[in-house]
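Chemist: What follows is the residue order along each chain.
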Amino acid sequence: AQSVSQHNHHVILSEAASLELGCNYSYGGTVNLFWYVQYPGQHLQLLLKYFSGDPLVKGIKGFEAEFIKSKFSFNLRKPSVQWSDTAEYFCAVGNFGNEKLTFGTGTRLTIIP
Amino acid sequence: NAGVTQTPKFRILKIGQSMTLQCAQDMNHNYMYWYRQDPGMGLKLIYYSVGAGITDKGEVPNGYNVSRSTTEDFPLRLELAAPSQTSVYFCASSTLLNNEQFFGPGTRLTVL
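So the sequences go chain by chain: W and H.
Under the numbering used here, think of the first position of the first sequence as 1, with each following residue one higher.
Under the numbering used here, think of the first position of the second sequence as 1, with each following residue one higher.
Rather than coming from a laboratory, the hints here were simulated on the basis of the structure.
Predicted model, so just to flag it, every value in this text is computed and none were measured.
Each residue gets a CB set at the ideal place from its N, CA and C atoms; glycine is no exception.
Incorrect hints may have been included.
Said to hold, decoys possible - Partner residues aside, some chain H positions facing chain W, computed with beta carbon under 8 Å: (1) Gly42; (2) Tyr48; (3) Phe90; (4) Leu96; (5) Asn99; (6) Glu100; (7) Gln101; (8) Pro105.
One chain only, chain H, in its complex shape:
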């Protein structure tokens, strides 16, 4: 199993551009999450999904959108990139049984 995969690994955007961060998992997990990690701030939950077709906001959803059309995929969309969205983004997945989350390798995004 590949686990949780994310693409791209790095990306530089200009202010106002849009992009989609891809996330996929092959563990048949129902639950998927998007976090951002900023230095000294830990992980902040952006959006999460409890199954295909169901998404909900996390702690810091402004400026982002998600969709979950399949169990495997959970893309994160940035519509109008802003410098405040410069961060490292991690996708994770889990089952409800025990909360244990499995993380992808991350996407480092810089908005200039």
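Next comes chain W alone, as it looks inside the complex:
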């Protein structure tokens, strides 16, 4: 069965710092990859997604992620974080043709002004 690892449980950064959150999955094949963001007290919203094509994906609010198939990874990056990026970030993986997603346990990001 697919498993998704997010090794960073809690990341604390100062504003303007660069961000990289790790996401690794266990099972290959054709995968669809997602990063969701959950702002405090809110529901999950899609940040970006990868289905095929260019492995460097750009999402909303200046986020991007790179799919590295050989490493089973889909890390999330942002060159300069803002206080408003304080949230919980979830990586999710879907295998093509499977109706379910497997979610990581999430990374809590705290940005210090």
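Chain H: place on chain W using the hints.
Modeler: Okay, now just chain H, sitting in the frame of chain W:
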């Protein structure tokens, strides 16, 4: 479109009480899901449905039941509430085409 809607937003139950969490979507999605979210544990799939009349267990189905009589609605039933069911519950929907799931605003349930 309203997307995925959930009611109620908050609820406090006593041990042994029952309740139904409502979920509806207006995107004509075939697939619907119920998750629970506990601190530091991510999202755990409770039940899911691939279409009206078809449901299946997820990772943590014990203590819950679902039904799917229409494409739009996917209620989650708690029959005998227990403190271990204190959690935030999210409903989501998707198409099979690309797995992308759309989430509702959640229901925060406390069982005392």
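Chemist: Look at each hint and say if it fits the structure.
Modeler: Outcome of the hint check:
| no. | hint | in the structure |
| --- | --- | --- |
| 1 | Gly42 | holds (4 Å) |
| 2 | Tyr48 | holds (7 Å) |
| 3 | Phe90 | holds (6 Å) |
| 4 | Leu96 | holds (6 Å) |
| 5 | Asn99 | holds (3 Å) |
| 6 | Glu100 | holds (6 Å) |
| 7 | Gln101 | holds (6 Å) |
| 8 | Pro105 | holds (5 Å) |
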